[in-house]
Amino acid sequence: MAPVKRKLYQRLLFFLVFLPISGVLCFSELFFIKEPHDVTAMRKEAVIFDCQAHGESPIDVRWLKNGVKVVENERVYLLANGSLFISEVESRRGDKSDEGLYQCLAQNKFGAILSQKARLTIASISSFTIQPVSIVVTQGSVARFSCKISAHPPPIITWEFNRVTLPLTTERITVLPSGVLQIHGVQRADAGNYRCITTNIASRRRSTEATLTVTPAPYPQLPQRPRIIAGPQNISVSLHQSAILECLATGNPRPIISWSRADSKSIDVYNTKVLGNGNLIITDIKPQHGGVYMCRATTPGTRNYTLAAANVTVLAPPSLVEWPESLTRPRAGTARFVCQAEGVPTPQISWLKNGEKVHSNGRVKMYNSKLVINQIIPEDDAIYQCLAESEQGSVLSMARLIVVMSEDRPSAPRNIRADTVSSSAILLAWERPQYNSDKVIAYSVHYVKAEGLNNEEYQVVIGNDTTRYIIDDLEPARNYTFYVVAYMPMGASRMSDHVFQHTLEDVPLRAPELSLTSNSPVDIQVSWQPLPDKLSRGRVSAYRLSYRTSAENTASQVELPGEKTQHLIENLQPDTIYLLRITAATSIGWGEQSAWTSHRTPKASSARVPLAPDLHLEPLNCTTILIRWQLAPRNSASVQGFRLFYHEESQPESTPLQLRASDHTHTIGGLDPRKKYHVKLLAYNFIGDGYQADQTISTPGCVSVRDRLVPPPPPPHNVYAKTNSSSTIFLHWGRPAFTSSHAVNYTVRCNPVGLQNASLVLYLQTNEQSFMVRDLEPNTKYEFAVRLHLDQLPSPWSPVVYQSTFADAPTLSPSNVKVTLIEEDTALVSWKPPDEPNVAVTHYTILYASRHAWIAGEWQVLQREGSITMALLENLKPGQIYFVKVSASNNMGDGPFSHTVELTVRADLSGHDPRLSRGSTHSTAFSDGFYHLDQKSMTGITVGVCIALICIIICAFIIVCRGKNRKFSAVKYGEGVSTSGSAAGLPGSEGQAENTDVTVPMMSQNHFIDAKGGTNLMINSLGPVQSSTEKKEKWFSFSSNMKKDNKAAQNMRHSTTSYQPGTTVLTFEEELVMSENQPSTLQALLWSPGDTEGSSNSEGSHATGDSGRYSHDETEMTNLSSGHSSRPPSLSAEDSGDSDCSGPAEEPLELTEESPTERKLKESVESSGCHYEAQSSSQSALSLQVCVRVPECV
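Residue numbers for the sequence shown follow my numbering, beginning at 12 and rising by one.
If you are wondering where the hints come from, they were derived from the structure by calculation, not from laboratory data. Computed from a predicted structure; not experimentally measured. One or more of the hints may lead you astray.
[To be verified] Just the calculated beta-carbon pair ranges, DEER-fashion:
{"#": "1", "residue 1": "T576", "residue 2": "R425", "range": "43 to 53 Å"}
{"#": "2", "residue 1": "Q244", "residue 2": "K297", "range": "17 to 27 Å"}
{"#": "3", "residue 1": "R86", "residue 2": "A461", "range": "18 to 28 Å"}
{"#": "4", "residue 1": "L960", "residue 2": "N849", "range": "19 to 29 Å"}
{"#": "5", "residue 1": "N564", "residue 2": "G712", "range": "31 to 41 Å"}
We treat Cβ as the ideally placed atom computed from N, Cα and C, and that holds for glycine.
Could you put the whole structure together from the sequences, leaning on the hints where they help?
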């Protein structure tokens, strides 16, 4: 019989252990890849809530707003990937507003899951709740203004003095982000009107003006003790936000401000800095930053100081520390899901089944963050989610319950009976099932308290060889409900009928705990608390109080009815130690008596000593008690302090603790569990000790795990985690001390802290005592736990250890960068953080520059904290075009800059709303200082340049051929000297001029050159000539008024003329003395008559750009590539119409003198069909313009 019994137990144990493990390993049918997040949007702006679910198709996605299904329309509809798109956000009142909480519900054949809640907030800014108030201060002291406003998102607050913006921080002026303006060392010049300006993406508001009046300081100035006029305030700050603690003090001499923590811990120097002259700001706040901070203002060189303190509470969103695991259970079985969360404030836990809230009923119960489903039916097969929610947010975790069906299952046990055996035991008996009773391998006995709600249900598994069982761990005088379930290998029966039975009363398990005090020297007031039900074990019918002096052996007794909780013993002797004890009785009999408690009555002459305090004791845990007291209201005697005595029952009294008169609480730790302690407290003054208050208290037992049928092995210990890189963490642990010859395997559980999807938890198997976890996310805090498996029986999880992977620098730039002109000289730039959830941003860098400054590489730099996504660009110049870009950075490095956004600041804003000019609508993308050119533009530029080069070659060839007919002697110039000259270019954007480098071989007067050697071209000071023997030839005919289109003109302007040594050149003659504003002859040689604006160099012609190099070729490329929307107005107007090659629209240059030589040359050139213009001063100068009819450019 024993082997059969053991075999049945083994089969049942394997069945109960294997099913939950298999359920955990197989569940991955449905989970979210992307979930919606909180969004703040402007009215009429488009919004997308992401939602992508992964699982077996088909997956149906629906959206809920405030728990109600979202109705689709033309403005609100679902995208193909399941995301919700709102084309124009509405902010109307009532249900028509789009503001609210949105959730995504995904469903497939396995069940449904609900996403986390995402709040849509419409950007707004309300009226001021606190306005600046006018003040009068003494010269040399401090002044403080404050303003406060409610806005979403939080606004940027700046201040104005007499309508002029104040800097955020100077030596004397500090502007706190909370809206406070501090002025130290006030001067007469500080007198005036102050107002604060609040700005966010929704609007901008100005407060009323407050006047600062400065009065002369008295002379001589008298010393003043330090006084804190604005101290820190208690604040609650969300995780990763910034906390600002203000401390503004005055005194003479000026006090020194210092900060410390009340718990004597050091202040975090990495996240904390002093702002201005003593204000403390904590950035990227974390739980360890919570506590009491003290500001201390000290007079220099003295010990005179003033303190002010404030508590910083760090609010943390809910995060799961234990989440439910998927289970596989047979029909009629029991499933238990456990879920525990932490956060500040403490989150509330609720349960969802297929996206709908679970309510308790007869089978389904929720208590202590547990969900218990009894008598499982097929409809219980679903996906269950644990929802932990608080004011700081919510977190979800899911698990699936798989119900195993069996057609050949037994019927329910019959004729169940329950008989009371004692005050703690009940005998349960039943008959075997009517059908398939031969297949039953075990029975499961279930029992629960009948009174109250959400009582925990207990279960005991027994073999199939008996139909009787005694439950012997029940509480006396309690009603219980029982039922039995029969198990077979592939399923369970329905539950049997329920039976109710109560246990008998018993004598009280323990006596009440006494509280003793005296109202006069001849009495003792005795009070006690009623016994809890677990200790009374029935209804208390009477109390017996015994007392005697310490010198007597016989005791007096007083019997009191069971409903009384206090008694006054009178006619006692003063200044005498009395011993007291009490016992309680039920209908069964008297319980155990308490130990003797001592109390000394006051002295008869102690009328002026303090009366006994009102004493309260409270156990905090099994080793710590909290003592609280208050002085009696009628206590007229002064108190110098308190004396506290405590000792374990039956142990000698310890030395008293001396407490200050201001103390009203004290904590005693290091006590033993389940022990009774006697506590005595009295107040004292200069006369002597006052009346004492005595009380006893019992420490509770520490939490213990309920005994199981088969105790599990102990968990691994000393789990150690070490970060190796941004994606790997090394784990090591110790094997528990137990002897076993069986192989031991380990399971490592790994997940990010606050994981919302339990199906994404990693379970890694190994048989070693160390493991390298790979493929982790950077800058992510993970939690690890290890359990061992011995003979298929798992141990509990080890204590959780936390470790973070190393961070990476941002790899993405901020998105959705927008620039809005909100005033004539002020713009608001806003952006969204990089879409990298595992990369922390500590600060943002904003670069902005006008077009002139951008060409010169002179960017203006702003930096903002990582929690701020807005910045003000002030003192912008009208009529300028500004470029703005933003990057994100952290301690590991800087991320890339965003695409550059262009903002045009209009020169005349009269009658124009500056808010309509949005840089984002006129933005142009840059890359390394160049505009992006499309294929069409590049093709046009290439063709135009090629045509221009061909035309120049043809013109040069014709000039050479013309010169062959002139009758002059040719001379060869043996050696050329090259130099560089500059010609004025065309005006670019913003009126700048481009320079073109020209290299020309120079020669002396009346010299000639044939660079190729052997040519018959002759050149003298009058120009090229032909030999009289040669026949004149005319190759082409040119017209001076030929038209060309706009793009061809640009290509002609931007082509570069370069003359190198060894080529045919013209000689010329020029005097060194010239007019200041008159171009040189070499300039006139390359001058375009239509280009009269670009005679001077641009101011930034040699500046350095982003890449560290700048050239005019780059500027030419930039100007060529600018589109219509980004082209400067001056350039667009210039190119709007067609222009002749010779520029007929411009006034011809005035000729002051025309020499015979020039007249002769002019006639020669005009005979070839080219237009010629010359300009000269007192000396002769030569200017030659070659014009070609250019075909229409692409």
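Going through the hints against the structure:
{"no.": "1", "hint": "T576 - R425: 43 to 53 Å", "verdict": "holds, 49 Å"}
{"no.": "2", "hint": "Q244 - K297: 17 to 27 Å", "verdict": "holds, 21 Å"}
{"no.": "3", "hint": "R86 - A461: 18 to 28 Å", "verdict": "violated, 56 Å"}
{"no.": "4", "hint": "L960 - N849: 19 to 29 Å", "verdict": "violated, 54 Å"}
{"no.": "5", "hint": "N564 - G712: 31 to 41 Å", "verdict": "holds, 35 Å"}
Of the numbered hints listed earlier, those contradicted by the structure are 3, 4.
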